[in-house]
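A.B. asks: Residue numbers (the working numbering), protein chains in the order written: chain A, 453 to 663; chain B, -2 to 177.
Don't read these hints as lab results, they were simulated from the structure.
Beta carbons are placed, not taken as given, at the ideal position from N, Cα and C, and that holds for glycine.
Keep in mind that a hint or two might mislead.
[What the hints assert, rightly or not] If the Cβ cut is set under 10 Å, some of the chain A residues that face chain B in the computed set are:
#, residue
1, F459
2, S477
3, K482
4, Y484
5, G492
6, D495
7, S498
8, E511
9, R515
10, L550
11, I553
12, S576
13, R577
14, L594
15, S606
[Claimed, not checked] No farther apart than 25 Å at their CA atoms in a straight line, the calculated lysine to any residue pairs in the SDA-like style are these:
#, chain 1, residue 1, chain 2, residue 2
16, A, K457, A, E588
17, B, K79, A, E599
18, A, K496, B, V111
19, A, K482, B, Q97
20, B, K79, B, Q97
21, A, K482, B, P82
22, B, K79, A, G460
23, B, K79, A, Q574
24, A, K496, B, R146
25, A, K561, B, T17
26, A, K482, B, P141
[To be verified] Have a look at the derived ranges for each label pair, beta carbon to beta carbon:
#, chain 1, residue 1, chain 2, residue 2, range
27, B, L154, A, L535, 39 to 49 Å
28, A, K561, B, S172, 49 to 59 Å
29, A, L605, B, S16, 23 to 33 Å
30, A, H559, B, L150, 27 to 37 Å
31, B, E61, A, A603, 20 to 30 Å
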Amino acid sequence: MAKPKFFGPYRRLAPVRMHLGGYSSLWLAKDYLMAVQSTGYSDKYSRFYLRDIQGFMVEDSERRFYWGVVLGLLGAGFVLTSLLVRAHWAYTLAWLLLFGIPLAWNHVKGPGCKLYIITQVQTSRLQAISRRARCEEIIEFLRPLIEEAQAGLSRPGNLDTQAAVPVAAGATGAAPLAEGSAGEPAAATQPAEPEAPGENSPQAPLNTPSA
Amino acid sequence: MFKAENWHRDGMPCCQRCSTVYELVDFPALYQSPENRPESTAAALPEDASCFFHAQNRAEQVCEGCGRFLCPVCTVNFGGRKLCPSCIAQGQTKAPEAEQGRILWDGIALSLAVFPPLLVVTWMFSIITAPAALGLAIFGWNRPSSLVRGSRLRLVLAMVLAIVQIGAWIFLFASLLVKP
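This is chain A alone, in the form it adopts within the complex:
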């Protein structure tokens, strides 16, 4: 992880990410994560206590592809135009650098992703994280902290640390858990019934452990 930046009790986990309507960042305090959504005129803070975090859900996104297409087309268009009109070579070079550097940077940052944080009562997207590499880096950084905060809790005996979990949450933030008995997820104890996806079965058990 890059050199951490601190502000008071907060440690920045992800650099500020601009998006439509503002920017987002992710910070770690003593015992909670804080997602900051800012418009520039007001901040909104969402806190996720480490002891409450049930998991992270990572979804692939096409962010790198779309940025690559946009930058590539714009860059190619401007460079070709300047070549066609026989502009000074400095103009062509300027266009090339203007779009080429962001294009290369977009590629170097790796594939995109969407990161969701799951607690018992919510599934929220962490908008500050948009690239797979940083996502994995942050999760690996947070994993021991969260497990330490949840040291008093245990997993079901038949599940190891990377065990089966029924998840039926989509991007809309539907409740992610299938109901289970006393510490065991339902799908871990009984095979899932194949059920056609539909509005009446948003939380149907989806899977079973492979082991």
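With chain A fixed as given, assemble chain B onto it according to the hints.
C.D. replies: Just chain B now, with coordinates in the frame of chain A:
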């Protein structure tokens, strides 16, 4: 990283409802069912002190804000203190954990100082926006800024720009008045 393929028997790492491909990193809190949580409604016996909010529950904590007796249901561990919901609702805690958001006076002041003079159409509004920016910068000087960014650089910048614009307007009017 936990691969969804590890626990999908059919090897399809996606939600069967929306077909979204995802991976899950799970933690022990995921497996806690309500039955595993501590008993939170111990019934009060006649000789027990009872909760202020739930007379039928035995008191087990004292609110550090107001001193009321609380049962586990009403005890909120908030910023290292044990408070009742009423104290939290009344904002008796100044803990940063209580804040859901903040107004960034520095951002507003800086926008008022920067944007109007930039545009040909709106530069004349700076006769209003510059004093407003200066006022907001003074107003926001001692107000808390963002929880994660405390510099007053924006306020200083807004003040400087606003003063320059006010000075320019004064100079303009003065030169018009003294013009023969």
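A.B. asks: Flag every earlier hint the structure violates by its number, smallest first.
C.D. replies: 9, 10, 11, 12 and 13
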